[in-house]
Amino acid sequence: MIGKIKKVIINSTIRQKLTALFIVFVIYPVIVVTLFGYFKYAQDIRSEIIKSLSQNIERVNELTKERFGQTRQFAMMIPYDGTLNQLFLKRKDGEITENNLYKDLTNYLYSKFYSKQEIMAVSFFFTDKPSLVYMVHSDGSYHKYMNYIHPVVVSFADQLEEQFGYYISDEGEIYIIRKMFDRFSFKQYGTFVIKIDKNYMLKYFKTEFPEESNLILTYNNKIIFRNGMLNDKEQEDLILRIIAENEPNSSIKTKSHEVLTSYVELDDTFSVKYGVIMPARLMMDKYYNALKILILLTGLVALSMVLVAIPLSRAMWSPIGELVELMNELKQGNLGVQSDRTKNDEFKFIFDTFNKMSYEIKYLFDVAYKEELARKEAQLAALQARINPHFLYNTLEIMNWKARIAENTELSEMIEALGVLMDAGMNKGGKKVGKVKDELKLVDAYMFIMNKRFGSRLKFVRHIDEEVLDGTIPMLLIQPLLENAVIHGIEPVGEGTITLTVKLENKRKLRIIVEDDGAGIPDENLEEFRKFFRGEPSNIKNSTGIGIKNVHNRIQILYGKEYGLTVEKGEKAGTIATITIPFII
1 MIGKIKKVII NSTIRQKLTA LFIVFVIYPV IVVTLFGYFK YAQDIRSEII
51 KSLSQNIERV NELTKERFGQ TRQFAMMIPY DGTLNQLFLK RKDGEITENN
101 LYKDLTNYLY SKFYSKQEIM AVSFFFTDKP SLVYMVHSDG SYHKYMNYIH
151 PVVVSFADQL EEQFGYYISD EGEIYIIRKM FDRFSFKQYG TFVIKIDKNY
201 MLKYFKTEFP EESNLILTYN NKIIFRNGML NDKEQEDLIL RIIAENEPNS
251 SIKTKSHEVL TSYVELDDTF SVKYGVIMPA RLMMDKYYNA LKILILLTGL
301 VALSMVLVAI PLSRAMWSPI GELVELMNEL KQGNLGVQSD RTKNDEFKFI
351 FDTFNKMSYE IKYLFDVAYK EELARKEAQL AALQARINPH FLYNTLEIMN
401 WKARIAENTE LSEMIEALGV LMDAGMNKGG KKVGKVKDEL KLVDAYMFIM
451 NKRFGSRLKF VRHIDEEVLD GTIPMLLIQP LLENAVIHGI EPVGEGTITL
501 TVKLENKRKL RIIVEDDGAG IPDENLEEFR KFFRGEPSNI KNSTGIGIKN
551 VHNRIQILYG KEYGLTVEKG EKAGTIATIT IPFII
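Residue numbering for the sequence shown follows the numbering used here, beginning at 1 and increasing consecutively.
Calculated from the structure, these hints are not laboratory results.
Quantities reported herein were computed from a predicted structural model and do not represent experimental measurements.
Positions of the beta carbon are idealized from the N, C-alpha and C atoms, including for glycine.
Check the hints yourself; a few may be wrong.
Label-pair restraints from in silico Cβ distances [said to hold, decoys possible]:
#1 I585 to Y80: 17 to 23 angstroms
#2 D268 to V461: 54 to 60 angstroms
#3 D438 to D267: 43 to 49 angstroms
#4 L303 to E62: 40 to 46 angstroms
#5 Q86 to K435: 24 to 30 angstroms
Kindly generate the complete structure, drawing on both the sequences and the hints.
Here you go:
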């Protein structure tokens, strides 16, 4: 008997097998739902609801933790832009008035306030004067903060051992406390306070759970957030049970509710306990409604599918057979074979795709192979182009040794200087910054070559502070300015002096000045440079302007907007270019 059944199954067509499977899978759900559904699926549906809620809890935990993590990262990064530290130093050194300090601090706080939608208020106070608070806000909370919150925040910050912490008020408001330390003395100079928008930060607790559910969030026995329609007695009882529950992700059953408890660890020192409260009747209502709908839909679907199964099978089998024939032709070597099917049905995309595939296979054999050869040749040419600078450098080394052998010291020295410049230009190590003393070697090499060109007509004077030699500087920063001084300052008048000054100011800034007494810079060009330095549109196109723009942009990318390059006329003649960068060892 079993053998006959196997034989029937093996010898049946795919269409017959699909029909049999269709009958089995349509009738099976009806039988299971009708005979066993009431007894079997009540608990399963409840488990699915609990599982779904648990998944929602995990998702809400992750999303909420991510939001708090982003806000923490925002708070931790505040010291690194250096603005508050600079204002502190100016205040300490008496370099800024109280009015300007208030203006600059408030503008800075506004920039932070408007950059984050999860922030309701930001404030800052100096450690030596905590009663003076600089604050911006959107919720009219200034007086409330100053009268009730700020004294507690000052005390909380004094007792805070870490640089960062959370303070929760009695009303459940959340504040982030960030201590600010001077980057030079490493002493605390102030405290940055952020008031978090709970509605934004805890948004997912409102949107990710069923509308019929209730929600209670607590921290250290304080209610941070709650919603729902529980009466006071029910709410008080459930709050106590949620707070007392020590096992994470546990279930609490009452007569009329089922509570899933969890906690989300928003920080190493800040975690929130909460409970999602579902009415018990909601579980059974969902089951009964789902059961009725499932039985009705199963019957309707079964009837409709029987009516369309036979013509649908015919409509599917015909184009599949046609496609199989076309694929056999392609397999036998008929590249580019096309289908002439014009019927606009669901299979049109398949046949159009086959036609395109067949055409592209033929194209690959006819055309793409040659194109690939051409691309390979272009790649080889590009690779060869990269080899040429190294070839030239090695050639210079050979010429240098030839000059030494011939005892032509002057030529050897010029070749060595040119080699130093080429080696720096290739930047084999890919470094962005180097030592000041190494940059001065490049300067000496360049000016050595220029002295050979101009002879006694060009004088080069250096004033270098010894204490700056081990400081860092972007590679090839000074040489472009010297080149501009030679080409546009000295060369037009035939002779002159270039003075290079490298000095340290206030122990924090490195000042590099290139001054010449040559032809000077035209007024119209100087005005265009000033527009560029102010960040306005400018018409700078020549090689001089491009070199200066490159130097200025590199400095500001590396060190920020307060550093850069300036160009001015000399007192009597010539041009003065000044670079300002931070002194970093």
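*Just pull the numbers of the violated hints for me, sorted ascending.*
none
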